Structure formats: structure tokens, C-alpha cells
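Undergrad: What follows is the residue order along each chain.
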Amino acid sequence: MQIGATTSGKKILPEGLDPTLRFTLLCSVLAVFFALLPVLQHFGWLQVLTLAGVTIVVVANAWHTWLRAKNQETEQEKQDRARQSTLELRNLIVQIVDIWQPQSASVKAQIEKAGMQLVDHFSLMIKEFDSAGFGGVSGDADSSREETTISLLTMCESELLPVLNSLELIIKSKEHLLESVNALVRETVELKEMAAQVGQIAAQTNLLAINAAIEAARAGNAGRGFAVVAGEVRKLSQLSAETGKHIGDRVNQISVIMATTLSSARQAAETDTKVIERTGSVVGNVLTQVRTLGSAVEDMREHGNTIRVAVEEVMVTLQYQDRVSQIIDVISNDMLRLQTLMENVEVELPNLDEWVEGGQSSFKRHRGILKAGKKATRRNVEVEALQAATDTSHRSAETPPAKKLTSKSDESSDVTFF
Amino acid sequence: MAKTILVVDDSASLRRVVSLTLTSAGYEVIEAGDGVEGLKKLAELAGKKVHLIISDVNMPRMDGIEFVTELKKQGAFKFTPVIMLTTEGDDEIKNAGRAAGAKAWIIKPFNPEQMLNAVSKLILP
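So the sequences go chain by chain: A and B. Using this note's numbering, read the first sequence as starting at 1 and increasing by one per residue. Using this note's numbering, read the second sequence as starting at 419 and increasing by one per residue.
Extracted from the complex, chain A is given alone in its bound form:
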């Protein structure tokens, strides 16, 4: 775009001498000519002196006039050059704005695209964290998931500990069984002795019955009945002896069986104890591992939560992309305003205040964005720096701060309820 070059090639300098100078020179020549007239008639020293004086005055006057004209010429030249430079500057600004416009649009588009990609990636990361069971700010489902993980570990511990206790109880009950079997063996020995005693009692009863039969035989007829009783007692004693023998035999058999049982029970108890001890050791190890795993899971969950919160904060920070886009919009609008102003050579250039006021929504909006940015980013050094840089480039935005909103605005937050 070119501004009209109507005056760009205009030559203000006059061609030849200035008319005033020409008139002055003409007058001087005429004055010299008239001064010469008396000289030509009455030549003398007075006439010569007069002629010289007139000539000097005329030449001085002409020299002075020529110098003045020359100075005027230089001033005009300077003004023309300045006007020309201004026009060229206007042209340059118009052309530069034409270049800046697509560049600012491209910057905005690239920021938007990159911002979108970052948001997508970070949101994917958050989803992955959620899938892995790391809770977020508002993740009720996530907290229940992590509770499940922790309760699984607790359950493992609470289920395995009773198993360990049960195994110990089994060992103890086995020992009781062994002791009972031992007691049974001891009882069997006593039974054996008792059976032997029965045999002895039967032998003695048999001996008594024989003696009684002898005494009955001696008594004759009077002892006949007693002899029958003695015979019966003898038979009973023989039966008792046989029974005692049977009992002894059975007890012996039981003793053998009991010994075998005891031996087997001892062997089984030893084996069981070893197995149970080993099982207990394994369960104990498993519990230790579970506890370690639980602790590791807890650590991992804590770190995962920290990372997830950090990612969420990054996503909040990404909202500045929108702010940057709006600032670029404002700058772009101002560039267009500047271009329009530069194109219109008839319009007088405004001063800084007029420019700011003339900006209307553009600059007011810029101020609004920056002010809001300042409030919303109290703890964000980078954005403060961005604002400072923008403030420097737009000094006009440094107006007295607008009064604070007096409605139900919460000063500690950026939310206002109407």
C-alpha cells in the first residue's frame, strides 16, 4: 500500500534568482548608472568617491539580499525533506503492519494449536493416572479404588494371620494327641499287670480249691457237699486263670498295636510339625512381603497423586494461552488502527492520550485483560513477567487503577456471585 505521492517529487526551490533579489540588483545597477552620470560630466575626486561609496552600498545590499535568499532556500529544503521523510515513514509503517498482521495471526494460530495438543496430552496423562488408581481433586471413584487396593492388602494380612494361628493350634493339638496315646500305652501296661494278677489270684484260688477238696475228702460223708463246692470253685479258678490269660494276651496284642500307633503318631507328629513350621514360615514371609508391598503401594500412590496434582496445575496454567491470544488480538487491532491512521495523510496525528482514548474498547479491553491477569496470577512469576513486558510496550495502559468491585466479590478468589 502506498500513500499518494502528490507532493513527494515536488521541488520547492525557485529556478534562478528570487524576484526580490532581481529587483534589488536592478535597482542597484540603476543607482550605479545614475551615480555615473555626474562623473561622466564633471570628473573629480569627489565624484569618484561618491561613485565608490554608491557602488559599495549597492554591492553590500546585493550581497546581503543574496545571502538571505540562500538561507530561505535552505530552510525550505529542510522542511521539504522532513515532509518527505514523514511520508516515507508513514509508508513504511503501513507496509510493516501489513507484514505484522499475518505474523500475529500465525502466532495466535500456533499458540492455539500447541495449547490444544498440550491439553490433550495432559488430559491423557490424567486419565492414565486415574486408570492406575491415583485419585484427583474430585475423583471419588479414584479414592474408592485406592481404598480397594489398601483394603485388599489389609484383608490379605487379616486372613493370613489366622491361618498362621490355626497352624500353631494344629501343632499343639497333635502334641495333645501324642500325650494321650502315651497315656494309653501306660494304661495298657497297668492292664497287663492286672491280667497277671488275675492269673495269680486264679492259681491261688485253684490251690485253695484243691486243699478244700482234700479236707472235704478227709471229712467223709459230711464233707461230700463241700467237696462239690470245692470242685466248682476249682473250675471257676481255672476259668479265671484262662480269662486272665486271655486278658493278658489281648493286652499284649493291644500293647503291640499301641506301640506301633505311638511310633507312627510320633513320626507323623514330627513330619506335621516340620510341614506346619515350614508353612508358617512361608505365610510369615508372605505377610512380610504383603506389608512391604502395601508400604510401596502407599508410597507410589502418594507420589502418583503429587504428579497428578502437578499435571492438573499445568493444565490450569495452560489457560494463559487464551489470555495471550486475546492480548495478540488487542495488539493486532491497534496495529490496524495505526495503519488506517498512517494511510490517511489528511488527518492530524493524535497525541498519546488522544490515541489511548480513541482506542475505545481496544485499549480498555487490553487494560481489563492485564488487570484480570494480575489478579488471577498473583503467584505466577512468568505471567507477571509477561504483563510487565506488555506494560512496558504499552505505557498508555498505565492509567490509575480502577476502583474495586464492591459487590459480593470474594477477594481471596476470582469468583464473583451476583
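Careful: at least some of the hints might be erroneous.
Said to hold, decoys possible - Derived DSSO-like pairs: lysine-lysine, alpha-carbon spacing no greater than 27 angstroms straight-line:
| # | chain 1 | residue 1 | chain 2 | residue 2 |
| --- | --- | --- | --- | --- |
| 1 | B | 458 | A | 113 |
| 2 | B | 459 | A | 113 |
| 3 | A | 113 | A | 127 |
| 4 | B | 491 | B | 521 |
| 5 | A | 274 | A | 172 |
| 6 | A | 127 | B | 421 |
FYI, nobody ran anything at the bench for these hints, they're computed from the structure. This one's a predicted model, so the numbers in the text were calculated from it and none came from an experiment.
With chain A fixed as given, assemble chain B onto it according to the hints.
TA: Just chain B now, with coordinates in the frame of chain A:
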């Protein structure tokens, strides 16, 4: 059943951030790029209830204030609460938003927790 929120903003990335915040809290989100598209989306809903609207202020074609003004003219959305979400913080424009019918004003960048609190306070039952 999940409550529905319409999010109107010309920045696609910001819409995505808002959308993620709301969906993570169990809300259903409909997105629009400016006021004109917002009104169009609402017209296309065909009877489906919108429980809340979150709108930017500076947008091409139709800005947030115009959008809310148009919205409140329609009987169906007269009582639908609107939250303005914007970089603007001047009292003048805030008052314009309030006059148009907005119920809250949140300045970007927003804190997700604060936004969810505001949403839960204002959203229709």
C-alpha cells in the same frame, strides 16, 4: 442421570480444559465456539434440559453479553443459570454481565475446584 452444561468459548483448548474439569465431576458437557453457535446448539437440543451455561465474554460473531441477553429472551432458558468465564475483570463489563442475567463471574485462569463449587451452587436441580 448426569446434568448437562453448555460451555461457550472461542478457544478450543480452554473449552477442552473446562470440559475435562466438568466431565471428571460427572457432568455432561456440550461445547460451542461462540454465541451464535451456542444459540444454535441450544435450539438443536429439542427439549433436552440444560442445567447450566458457562460462557466466555470476548468471542467473534456474538460476544458473551449479547449471547446471554439473547438467551434470556427465550422462555426455555430464562431461568437457566449462566456463569461468565473470562479474562475481563473490569467492574463496567461485570455489571453489563449482571444486567444481561449472568449469575456468577469467574476470571481466567480458573481454579477447577472453585469452578466446580460455583457450578454446584448454581446448577438447576
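Undergrad: Sort out which numbered hints this structure fails and list those numbers smallest first.
TA: The structure breaks none of the hints.
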